[in-house]
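Undergrad: Those sequence lines, one after another, are chains A and B. Take 1 as the starting number for the first sequence in the UniProt record's numbering and just add one per residue. Take 1 as the starting number for the second sequence in the UniProt record's numbering and just add one per residue.
By construction, these hints were calculated from the structure, which means they are not laboratory data. C-beta atoms are modelled at their ideal positions from N, C-alpha and C, and glycine is treated no differently. Among the clues, some could well be false.
Derived, one-sided and incomplete: chain A residues facing chain B with beta-carbon distance under 8 Å [what the hints assert, rightly or not]: (1) Leu-58; (2) Ile-62; (3) Asp-159; (4) Ala-161; (5) Gly-162; (6) Gly-167; (7) Arg-213.
Some chain A residues judged to face chain B by a derived CB distance under 7 Å, without partners named [claimed, not checked]: (8) Glu-117; (9) Trp-146; (10) Gly-150; (11) Arg-151; (12) Leu-211.
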Amino acid sequence: MGLDFTALDFFQLAMLEVVLAGALAGVVGVLVVLRERAFFTMSLTHATFPGAVAAAILGVSIPLGAAIAAVALIGVAVGIGRIRSQGPAVASGVMLTAGFALGAFLQSVTPLAIDVESFLVGQVLAVTGSDIALTALVLTAALAVWALAGRHLIFSSVDEAGYRRAGLAPWLPETLALAVIAGTVVAIMPVVGAILGVALIVAPAAAARLLVRDWRWMLVLAPAIGVASGVLGLWASRWLDVAAGGAIALVAAAAYGLAWLVGSLRARPAGAARVASAEQRDPAAHATIEKRHP
Amino acid sequence: MSEQRDAVVEIQGGAFGYGGAPVLTGVTFAVQPGEAVALIGPNGAGKSTLLAGILGLAQHRAERFRVPTGKGEIGTLSQSSAIDAAFPVTLEQVVAMGRTPRLGLRWPGSGDRAVVADALAAVGLTEHRRTRFGDLSGGQRQRGLLARALASEPRLLLLDEPFNGLDQPSRDALIETIRTLKARGVALLITTHDLELARAVCDRTLLVNQRQIAFDDTDCVLTLEQVEAAFASHVMEIDGHTLATTEHHAAEFPEHRHPFGDDQLGEPAGERDEAR
Chain A
1 MGLDFTALDF FQLAMLEVVL AGALAGVVGV LVVLRERAFF TMSLTHATFP
51 GAVAAAILGV SIPLGAAIAA VALIGVAVGI GRIRSQGPAV ASGVMLTAGF
101 ALGAFLQSVT PLAIDVESFL VGQVLAVTGS DIALTALVLT AALAVWALAG
151 RHLIFSSVDE AGYRRAGLAP WLPETLALAV IAGTVVAIMP VVGAILGVAL
201 IVAPAAAARL LVRDWRWMLV LAPAIGVASG VLGLWASRWL DVAAGGAIAL
251 VAAAAYGLAW LVGSLRARPA GAARVASAEQ RDPAAHATIE KRHP
Chain B
1 MSEQRDAVVE IQGGAFGYGG APVLTGVTFA VQPGEAVALI GPNGAGKSTL
51 LAGILGLAQH RAERFRVPTG KGEIGTLSQS SAIDAAFPVT LEQVVAMGRT
101 PRLGLRWPGS GDRAVVADAL AAVGLTEHRR TRFGDLSGGQ RQRGLLARAL
151 ASEPRLLLLD EPFNGLDQPS RDALIETIRT LKARGVALLI TTHDLELARA
201 VCDRTLLVNQ RQIAFDDTDC VLTLEQVEAA FASHVMEIDG HTLATTEHHA
251 AEFPEHRHPF GDDQLGEPAG ERDEAR
C-alpha cells in the first residue's frame, strides 16, 4: 500500500510537470510559430545538450548548464548571422550540429557514466520539485511577457519594417522572444529532452495556427493542445510501457496531423463555394475553361 | 490661420543619404498643419530617402531640420503591404497596432479603442473590422494600413505612392480621406508619380531629382520646364494623366533604379513594379 502511494505520488509529480510544461510550450510555441523561429528553436534545443552534459560532469545544476550553453550559442548564431553571405538558417544549422557534436564529444571523453538519454529524450518520471518550480517560474514569466509586450511581439512579427517606421526598435521584442524561447527549451528538458523539445513547442502552436483566424485564440488553443499532449503521452507511457518523452512528442505530432486534417476538411467546402460564386459572377471564366478543355 | 501656426516640417539646406555620398541635396521646404505637399521625382530621385530621413532612418545634414519627434507623431504608409496574407490577424488588430508607439507597455483604454474605431471609420472599413487582414482586397488593405497610420494620431503623415495599384473606388475614397485629414490639421507629405492627383489634393509640390528642383504652389511647380528638368529631357504631355515617361527613364538610366540597397521604405522594389 505504501509502495503504491509512493508510485502514485511519483506519477502525480510527473503529471504536474507535463501539465506545466505543455502549457508553457504552447504559450511560447505561438511566439515561435508567428515569428517563424521553428528552425532556430530546433537548433537551440540541440545547443543546450552540451551544456547539460558539461553540468553533469562538473556536478552542477543541469538546467543552469543548459541555459549557459543556450545563451553562448545564441551569441555564436548572432555572430554567424551577421556575416553577409550567411543567412540565419546557416547560423542555426551550424549551431545545431556543433552543439550536438560537442555534447557527444564531452560525453565520450569523460570517465563518468552520464545518462545521456535523459538529456536527449527526457525522463519525466524522475522529475524533481525544483524542475517543477523552474517550469512554473518560466511559465509565469512567459505569460507576463505576453500580457505586457504581446502587442509589440505581434506588431514586430507581422510587419517589422512598419514597426521600425513607427519609431520602435525591433531588436527589443526579438531579444525578449529569444530569451523566452531559450528559457522554455531549458525548462521543458526534463520532460522531452533536448531532441524532442521542439515537437512540444512547435506542434501545438502550429496545429492551433491551422484552426484559428485570430492569433489570440492560438494562445488558448496551443497550451490546451500542449497540456493534452503531455497528459495523453504520459498516460500512454504508463499503460503501454513506452518512453514518456517519445510518447508525448508523438501525441503532439499527431495533434498537428489532426489539425491539418480538420483544417483542410473545413477549407474544402468553403473553397468550393468560392469557386462556385466566382463562376456565378463571371460566367465567361467558366466558358474559357471549357473551351480550353473541350 | 494656418500661416500663423508653426510648420510641422521645416528643412533648410538639407542633404540626405545612407553614409556615403548624399542621395538627395539642397532640400529646403516646409509643411504646414493641414497642408498636403506632393513629393515628385523620377525613380532613384531620393524621395524615399527623404522620407526615411524625416523618420530618422536615414542620415541627414541640414542648416535647419525640424520634424515631429514624439512617439506616434509621424504616421507612415508604404507602397505595398508587407503583411503576410496568411497571418492570423484581423483588420481591427492591424489598425490598433498604430497605437503601439503611444501605448508602450500600457494596456489600451476606452480612449484608445475610440481612436481605432475613428480611424476605421475614416477609411470606410468599419464593417470589415473583424475580417482577417489577408482576406481583404488590395485596396482595402491599403486603406487599412492608412487607418493604422491614423490610429497613432499623427501630426505628420508620410504617404509613399499611396495610389499605386488602387482601383477607382479605393482611389476616390483615399482622396476623400486625405481631404478630411487636411481639414483636421494633419500635415501630409505624399510621394506620387500622378500629377493629376498632386493637383487634386496637394497645395504645394516639392520636385526633386537627386537635388531639389523646385518647391512652390503645385500649379507653379508642375510646369513643362520644371518637370522636364526633374525627369531628364523627355518631352511629355504635361496635362495628360500620368508621367508615362517614367518607365522610359528607368530603362535609359538604369543607374537611377536602386542606388541605395538598404532603403528602409522599400522604394526600389516598389519602383521596379511601377516600371512594368
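Undergrad: Look at each hint and say if it fits the structure.
TA: Comparing the hints with the structure gives:
| no. | hint | result |
| --- | --- | --- |
| 1 | Leu-58 | 39 Å, violated |
| 2 | Ile-62 | 34 Å, violated |
| 3 | Asp-159 | 5 Å, holds |
| 4 | Ala-161 | 5 Å, holds |
| 5 | Gly-162 | 7 Å, holds |
| 6 | Gly-167 | 5 Å, holds |
| 7 | Arg-213 | 5 Å, holds |
| 8 | Glu-117 | 38 Å, violated |
| 9 | Trp-146 | 12 Å, violated |
| 10 | Gly-150 | 10 Å, violated |
| 11 | Arg-151 | 5 Å, holds |
| 12 | Leu-211 | 10 Å, violated |
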